[in-house]
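Asker: Based on these hints, arrange chain R on the given structure of chain L.
Chains L and R, in that order, give the protein sequences. Under our numbering, think of the first position of the first sequence as 184, with each following residue one higher. Under our numbering, think of the first position of the second sequence as 184, with each following residue one higher.
Rather than coming from a laboratory, the hints here were simulated on the basis of the structure. Small disclaimer: the values here were computed from a predicted structure and weren't measured. Any given hint could turn out to be false.
No copy is singled out in the list; a pair is fine if it fits within one copy or between any two copies.
Below are the DMTMM-like pairs computed for lysine to aspartate or glutamate, each with C-alpha atoms no more than 20 Å apart in a straight line [to be verified]:
| no. | residue 1 | residue 2 |
| --- | --- | --- |
| 1 | 278 | 190 |
| 2 | 277 | 193 |
| 3 | 278 | 193 |
There are 2 protein chains.
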Amino acid sequence: MPPIQPDTIEIRLPEWINDFLRAFPEHVHSLHDRMTLVVEAARVNASRGTGGPFAAAVFEAESGKLISLGVNLVTSAGLSILHAEILALSLAQKKTGGYDMGRQDMPVYELVTSTEPCAMCFGAILWSGVRRLVIGARSADAERIGFDEGPKRRNWKSEIAARGIEVICDVGRKGAAKVLQDYGKSGGKIYNSLHGKR
Amino acid sequence: MPPIQPDTIEIRLPEWINDFLRAFPEHVHSLHDRMTLVVEAARVNASRGTGGPFAAAVFEAESGKLISLGVNLVTSAGLSILHAEILALSLAQKKTGGYDMGRQDMPVYELVTSTEPCAMCFGAILWSGVRRLVIGARSADAERIGFDEGPKRRNWKSEIAARGIEVICDVGRKGAAKVLQDYGKSGGKIYNSLHGKR
Numbered sequence: 184m185p186p187i188q189p190d191t192i193e194i195r196l197p198e199w200i201n202d203f204l205r206a207f208p209e210h211v212h213s214l215h216d217r218m219t220l221v222v223e224a225a226r227v228n229a230s231r232g233t234g235g236p237f238a239a240a241v242f243e244a245e246s247g248k249l250i251s252l253g254v255n256l257v258t259s260a261g262l263s264i265l266h267a268e269i270l271a272l273s274l275a276q277k278k279t280g281g282y283d284m285g286r287q288d289m290p291v292y293e294l295v296t297s298t299e300p301c302a303m304c305f306g307a308i309l310w311s312g313v314r315r316l317v318i319g320a321r322s323a324d325a326e327r328i329g330f331d332e333g334p335k336r337r338n339w340k341s342e343i344a345a346r347g348i349e350v351i352c353d354v355g356r357k358g359a360a361k362v363l364q365d366y367g368k369s370g371g372k373i374y375n376s377l378h379g380k381r
Numbered sequence: 184m185p186p187i188q189p190d191t192i193e194i195r196l197p198e199w200i201n202d203f204l205r206a207f208p209e210h211v212h213s214l215h216d217r218m219t220l221v222v223e224a225a226r227v228n229a230s231r232g233t234g235g236p237f238a239a240a241v242f243e244a245e246s247g248k249l250i251s252l253g254v255n256l257v258t259s260a261g262l263s264i265l266h267a268e269i270l271a272l273s274l275a276q277k278k279t280g281g282y283d284m285g286r287q288d289m290p291v292y293e294l295v296t297s298t299e300p301c302a303m304c305f306g307a308i309l310w311s312g313v314r315r316l317v318i319g320a321r322s323a324d325a326e327r328i329g330f331d332e333g334p335k336r337r338n339w340k341s342e343i344a345a346r347g348i349e350v351i352c353d354v355g356r357k358g359a360a361k362v363l364q365d366y367g368k369s370g371g372k373i374y375n376s377l378h379g380k381r
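Bound conformation, chain L alone (with noise of 0.2 Å):
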């Protein structure tokens, strides 16, 4: 009798992900080129086809040692979890360790995302345990191009505040802009779920 439902699930990485963060050094000391690293791996997954025009990177914040990179996958893999935060937060955590990176032993991890979170990463990210949050384009420039970002209450930025994740917004936000409204330009696909239900 064959399995009713699969036993894993695989999450395959585009193959150019590991040859782009060649290009940059182990560690990225300002928040500027946290931010640059990570609007820029959006342009290409948008330029390759591998997802949507968003990127999100796991640093040490002190050091500025790279963690991990994300980008969205949602299209390619076809799965609508697969946000660019709750990749870089994933692989974050299979390479420290666990699924508290907020641990006292831990140095402390920021989260730099190219886009403000959509409602669900909103929640991933005070599961995960980064301690800073550091934001790109607002969900206007993500909405203006029609993606839907989801309800978020109003205070959200200081409800993340308020459990000891630290919140920094509009860094670098015209570049990240700039990577969404080429997309939207281009023809790009926008892939929100129930179409036509709203």
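Answerer: Showing chain R alone in chain L's frame:
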């Protein structure tokens, strides 16, 4: 030069799941019986130590055909995103052929979850394409034993409904909550991140 990060993330389901599923019919007709299956999976997941006391499954809403069963694997897989709903939705998307289970040419799919979705899973449900959400225990039942469900908007049910997803609550709540209470009493791991930071 070794790759800077892994090329794949592999999520392995517990071995007991397919044996567990074989004890149930291919179609489960009443909502009550669907919830019973899910709550029993939550109980087994906790007692076997493969994760927290949570499970979720995707069914074809009309026929009751079981598409996927997910359980919480946060502690065993070391990934904070691996809530039962995330697994069930991802397995179902692998099986039904893509990131949007809400396409017009598809049957209506529903997610049956043993406990009210947390802030992250709330967003994941919006993006999945399921058109019905069936909930057993309430967030308060999970919070009573120490789990953090995260902030959702007060009107989250109507926000889900406004996106074409029907919400049905308190289905078999008593049995679902009992699994949580038993887990609490047995000293099961409460794995919230950022211990002591809030």
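Asker: All hints are to be evaluated individually against the structure, with a verdict given for each.
Answerer: Structure-based check of each hint:
1. 278 <-> 190: Between copies only: 12 Å across, 23 Å inside.
2. 277 <-> 193: Both ways: residue 277 and residue 193 sit 14 Å apart in one copy and 10 Å across, limit 20 Å.
3. 278 <-> 193: Classified as both: same-chain Cα gap 17 Å, cross-chain 13 Å, threshold 20 Å.
Of the hints listed earlier, there is not a single one the structure fails to meet.
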